[in-house]
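Guided by the hints, dock chain B onto chain A, whose structure is given.
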Amino acid sequence: MLIFVSCLLLFLTSLALIGLRLTQPTARFAWLVAVGGAMLAFASVFVWLAQMPFEFVLPSWQPGVLFSSRVSFRADGLSWPLALSIAALTLTMLLTAVARPIIANSYTWTGALALGGIGILAVTADNPLTLLLVWAALDFTELAAHLLAVEGVSNNEKVVTSFAMRALGSGILLWGNIVSIAQGSAFNFHSMPANSGLYLVAAAGLRLGVFPLHLPYSSESSLRRGFGTSLRLISAVSTLILLAHVPAGNSASLTPFLLAFAAVAGLYGGWMWLRAPDELTGRPYWVIGLAALSITSALSGNPLGAVAWGCALILVGGSLFLASVQQVWLNRALLIGAWSLSALPFSLTAGAWLGNLGFFLPLVIAAQALLVAGFIRHALRPSGRDTLDSQAGWTRTVYPAGIILLIACQILLGFIGWDGALQVGAWLPAIIASLLTVGLVWATPRFRILNPIRAHWVKGSASSRMDEFYGSLWAIYRMFRRISQAVNLTLEGESGIMWTLLFLIIFISIMTQGLP
Amino acid sequence: MLLFLRERISPLIAGTVASILALTALIIPIDTALLLGSISLKISPSIQFFGRSFSLSNADGSLLAVIYGLAALWFFGTEASGSANRFVSFGLMIVALLTASIAVEPFLFAALLLEMAAMLVIPLLIPPTQKPSRGVVRFLIYQTLAMPFILFSGWMLAGVEASPGDINTTVQAGTMLGLGFAFLLGVFPLYNWIPMITEDSPPYVVGFLLWALPTFIVVFALGFLDRYTWVRTSPQLSGAIQLAGIFMVASGGVFAALQRHIGRMMGYAAIAETGLLMLAMGMQSAEIVNVSFLLLIPRGLELAVWALALSIIKRKAPTLQFNEVQGLARSYPVATTAIILSHLSMTGFPLLAGFPPRLALWQELAGQSLPTSFWVFFGMLGLLFAATRTLAVFVMAGGNNVWKLSESWVQMTMLGLGMIGLFILGMFPQVLQPFLINLPALFNHLGQ
Numbered sequence: 001m002l003i004f005v006s007c008l009l010l011f012l013t014s015l016a017l018i019g020l021r022l023t024q025p026t027a028r029f030a031w032l033v034a035v036g037g038a039m040l041a042f043a044s045v046f047v048w049l050a051q052m053p054f055e056f057v058l059p060s061w062q063p064g065v066l067f068s069s070r071v072s073f074r075a076d077g078l079s080w081p082l083a084l085s086i087a088a089l090t091l092t093m094l095l096t097a098v099a100r101p102i103i104a105n106s107y108t109w110t111g112a113l114a115l116g117g118i119g120i121l122a123v124t125a126d127n128p129l130t131l132l133l134v135w136a137a138l139d140f141t142e143l144a145a146h147l148l149a150v151e152g153v154s155n156n157e158k159v160v161t162s163f164a165m166r167a168l169g170s171g172i173l174l175w176g177n178i179v180s181i182a183q184g185s186a187f188n189f190h191s192m193p194a195n196s197g198l199y200l201v202a203a204a205g206l207r208l209g210v211f212p213l214h215l216p217y218s219s220e221s222s223l224r225r226g227f228g229t230s231l232r233l234i235s236a237v238s239t240l241i242l243l244a245h246v247p248a249g250n251s252a253s254l255t256p257f258l259l260a261f262a263a264v265a266g267l268y269g270g271w272m273w274l275r276a277p278d279e280l281t282g283r284p285y286w287v288i289g290l291a292a293l294s295i296t297s298a299l300s301g302n303p304l305g306a307v308a309w310g311c312a313l314i315l316v317g318g319s320l321f322l323a324s325v326q327q328v329w330l331n332r333a334l335l336i337g338a339w340s341l342s343a344l345p346f347s348l349t350a351g352a353w354l355g356n357l358g359f360f361l362p363l364v365i366a367a368q369a370l371l372v373a374g375f376i377r378h379a380l381r382p383s384g385r386d387t388l389d390s391q392a393g394w395t396r397t398v399y400p401a402g403i404i405l406l407i408a409c410q411i412l413l414g415f416i417g418w419d420g421a422l423q424v425g426a427w428l429p430a431i432i433a434s435l436l437t438v439g440l441v442w443a444t445p446r447f448r449i450l451n452p453i454r455a456h457w458v459k460g461s462a463s464s465r466m467d468e469f470y471g472s473l474w475a476i477y478r479m480f481r482r483i484s485q486a487v488n489l490t491l492e493g494e495s496g497i498m499w500t501l502l503f504l505i506i507f508i509s510i511m512t513q514g515l516p
Numbered sequence: 517m518l519l520f521l522r523e524r525i526s527p528l529i530a531g532t533v534a535s536i537l538a539l540t541a542l543i544i545p546i547d548t549a550l551l552l553g554s555i556s557l558k559i560s561p562s563i564q565f566f567g568r569s570f571s572l573s574n575a576d577g578s579l580l581a582v583i584y585g586l587a588a589l590w591f592f593g594t595e596a597s598g599s600a601n602r603f604v605s606f607g608l609m610i611v612a613l614l615t616a617s618i619a620v621e622p623f624l625f626a627a628l629l630l631e632m633a634a635m636l637v638i639p640l641l642i643p644p645t646q647k648p649s650r651g652v653v654r655f656l657i658y659q660t661l662a663m664p665f666i667l668f669s670g671w672m673l674a675g676v677e678a679s680p681g682d683i684n685t686t687v688q689a690g691t692m693l694g695l696g697f698a699f700l701l702g703v704f705p706l707y708n709w710i711p712m713i714t715e716d717s718p719p720y721v722v723g724f725l726l727w728a729l730p731t732f733i734v735v736f737a738l739g740f741l742d743r744y745t746w747v748r749t750s751p752q753l754s755g756a757i758q759l760a761g762i763f764m765v766a767s768g769g770v771f772a773a774l775q776r777h778i779g780r781m782m783g784y785a786a787i788a789e790t791g792l793l794m795l796a797m798g799m800q801s802a803e804i805v806n807v808s809f810l811l812l813i814p815r816g817l818e819l820a821v822w823a824l825a826l827s828i829i830k831r832k833a834p835t836l837q838f839n840e841v842q843g844l845a846r847s848y849p850v851a852t853t854a855i856i857l858s859h860l861s862m863t864g865f866p867l868l869a870g871f872p873p874r875l876a877l878w879q880e881l882a883g884q885s886l887p888t889s890f891w892v893f894f895g896m897l898g899l900l901f902a903a904t905r906t907l908a909v910f911v912m913a914g915g916n917n918v919w920k921l922s923e924s925w926v927q928m929t930m931l932g933l934g935m936i937g938l939f940i941l942g943m944f945p946q947v948l949q950p951f952l953i954n955l956p957a958l959f960n961h962l963g964q
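Taken in sequence, the protein lines are chains A and B.
First residue of the first sequence? That's 1 in the numbering used here, and the numbers climb one at a time after it.
First residue of the second sequence? That's 517 in the numbering used here, and the numbers climb one at a time after it.
Chain A extracted, bound-state conformation:
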């Protein structure tokens, strides 16, 4: 029930904001309402600790004989840190909104609060059926928020493409479960057969929110920084929880291939993140890199590691992406994120490499070092950010409090509240990764290959490749459409009935051949 309370606080606040926007569009206290609701939700997640683990199960679908699974949510040592991270991110997004150029009750606040509530439901989902339902709610929320916010044909098209990719990801999870049922297993996370692992990874890949690579925001819009951050990070985490639930032993035959794939994705994400011109342009690569590390942990039989990387994705990434204001001490405080990502003892990710990674360990350490080095570079290079000098006095307190909240949560989760707290972890790989990070930070300004690539170059190259890809897909589609038009013209034309009867006779002939 406590899960429901936390989510309800966010949903009710979201509804209150809609009501205020409709009745009093200029109300100045709308922000206070939003922050108040988010703060209560954040505090309520701590109350979970008093009762954990616990479940919240909805009434079963009827007829019971047709629906074996029930919609259920579970708060435990795996889901709690993620729920806390999502609640913290939502609150920070609203607190830092005071430093944006326009501060008014907008659908983005409503969307962010709803997204936070659905995100908490997603990370606590206890079976694939529940996850599918929550994912669908997440997809609808994202779709509505985006369509209301973006302008232009191309941007709207990107929104629909993103929705379609996520829907396809949900479809693949559903198919994985059909395969599971066909092989006599139940519709739950724990008894999936070996070959379902591939479907889960494919579903997660499509739903991570990295395709299309850049969401439809103009490069400097506050929407991109505020709501875009919530959207990207919560979407990714709501997907990663799927992998955290799957025991590695279940897909033993495919594990090496999946590990190799995840390691390569991690290296690619880390490399692109390190060389990204700014943190928002590099955000998709941050998601790819950390998601790859999370998948690697899950596949190595360490769900705690998967959760730790998921929390780092939100808390460390959120603090960097939401920081839109130049403040020296705050930029330095952001570097605590590097500690959180280091996997050193008692850090947030201390339990990250406790699984059996075999000969993939060097690759994932390299990927981790690239991501941490990239994070340090972006945190210390806040070019183009505004300053707080021109802002009202209270915003100079509220804005840093938002960023500090995420940093505090990183430290807090290293010590209390979940199964991955107070871990010494695999300290040797952590030290190697840290040394490599120091080396990369030192080398970045000195070696040209490590220098950031220009933003317009990234965009141009990527978009031309994608354009070619889309072009070839459309060519195939047009070919099929011509074929379908020919079939329709034949069947719906003057001679259509004769053709239909001919098909029918052929069909009956085929069928009657099977009779004794």
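There's no promise every hint is true.
To be clear about the criterion: a stretch of chain B counts as covered by chain A if any three or more of its residues have a C-beta under 8 Å from a C-beta of chain A, and this derived list gives those stretches [stated by the list, open to error]:
# : stretch
1 : 546 to 552
2 : 647 to 659
3 : 701 to 708
4 : 805 to 815
5 : 874 to 884
6 : 892 to 902
7 : 933 to 947
One side only, chain A facing chain B, incomplete, derived with CB under 8 Å [claimed, not checked]:
#  : residue
8  : 63
9  : 66
10 : 70
11 : 156
12 : 157
13 : 164
14 : 171
15 : 491
Keep in mind that the hints were calculated from the coordinates and are not lab data.
All C-beta atoms, glycine included, are put in the ideal place defined by N, C-alpha and C.
For chain B alone, kept in the frame of chain A given last:
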């Protein structure tokens, strides 16, 4: 009488009558005296009409409640759709005839009543002062061809029951029966009239037709399966039904994905849905009745919402082609959202009404044949592609288009209620349980 009333009143009267009939079917038991003070009320289980008996039992109550409840939904939406007065009057007649088809004894006469209902649809499909389109003519031809096949097969099946060893009669009877239902349901490849009429005729009427006829035909077909042991137990017939279902789901999905006309897309989605019903009827499972009705009830709501929204859009964009509806989401947000939600529901998108029945069907099919499940999945992917394409076209608006509401309050209310219904059925399918629980009693042998 409704033909002569004002357009605003007749839908209300028809909807109220249908609602009262639904409640009556749900609350008042058949053939049981009900004491209301000093008045004793009893619904007779059968009546005689032209020498034929029309019988209903208590088990029919839930079925009638579902049918008249959904019919009420259609009638209440008539005004919002802008359909003419004759829709409600003819609609009531059609529903009455179709209801008679499930009550008539001997039950083979249902084929005649179905044919009469199909004929009554014709005046609705043809706009006044216009010649019938090719799709309408083809619809009438196929429905008429179905009748002799069904009647012959019924006569031959009686012979098969008497001498089950006669293979020739069995094959002939099975073929006749299959052909009859293929024509009636518009089974692959006999469904080409569906996209044709969705392109030419009023969407609301087409939606009503695509809901009403298949619903009663499925009940009629379940009656056949229930009565004749040979039909029920024949693996060949079951295989043929499933194969036809697979073709319908897969081809419906693929053709929907390749359309540029949002009316035709509804037609292909309805075809795919009929395919799912056939797969449910072809299952070797005791859950045929539950799965079939779990599919049928949301279908009524999905098609009602979709057809109503299309009717509203059609006033602005008469051809319903992509190039005409581009960017309409900004001026008709409620109608376009309704189209997308009903379309997604028919793809089995989670959280919407179509998801629980498809999940149930998939679970049953997965236990029998993974390839069959795959083709269903493939068909649903085709529908999903079509839905996202439609969505992309609807939202493809330039920067200077502002959001506004062009729908009337009545239209928004009806569509809003329909969309809420889609979500309720998707999240809490157990709300249908009071209706579903008694339905297996209608078919004594199917649930065993």
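These are the hints, each one checked on the structure:
Counting residues of the stretch 546 to 552 of chain B whose beta-carbon sits less than 8 Å from any beta-carbon of chain A gives 0, not enough to reach three: the coverage restraint is violated. Coverage of the stretch 647 to 659 of chain B by chain A holds in this model, with 4 residues showing a Cβ closer than 8 Å to a Cβ of that chain against a need of three. For the stretch 701 to 708 of chain B, the stated coverage by chain A holds: 4 residues have a C-beta nearer than 8 Å to a C-beta of that chain, and at least 3 were required. Only residues whose C-beta sits within less than 8 Å of a C-beta in chain A count toward coverage, and the stretch 805 to 815 of chain B has 3 of them, enough to reach three; the restraint holds.
Given a C-beta distance limit of less than 8 Å, the hint that chain A covers the stretch 874 to 884 of chain B holds, as 7 residues qualify and 3 suffice. With 5 residues bearing a CB less than 8 Å from a CB of chain A, the stretch 892 to 902 of chain B meets the requirement of three and the coverage assertion stands. Look at the stretch 933 to 947 of chain B against chain A: 4 of its residues bring a Cβ nearer than 8 Å to a Cβ of that chain, three or more, so the hint holds. For residue 63 of chain A, the shortest C-beta to C-beta distance to chain B is roughly 5 Å, which falls under 8 Å, so the interface hint holds.
For the restraint placing residue 66 of chain A at the interface with chain B, the shortest Cβ-Cβ distance is roughly 4 Å, inside the 8 Å limit, so the hint holds. Nearest Cβ of chain B to the Cβ of residue 70 of chain A: about 11 Å, over the 8 Å cut. The hint is violated. For the restraint placing residue 156 of chain A at the interface with chain B, the shortest Cβ-Cβ distance is roughly 4 Å, inside the 8 Å limit, so the hint holds. Hint on residue 157 of chain A holds. Least Cβ distance to chain B is approximately 6 Å, under the 8 Å limit.
The restraint placing residue 164 of chain A at the interface with chain B holds, with a minimum CB-CB distance near 4 Å, inside the 8 Å limit. At a threshold of 8 Å, the smallest CB-CB gap from residue 171 of chain A to chain B is about 6 Å, leaving the interface hint in force. Because the closest C-beta pair between residue 491 of chain A and chain B is about 4 Å apart, less than 8 Å, the hint holds.
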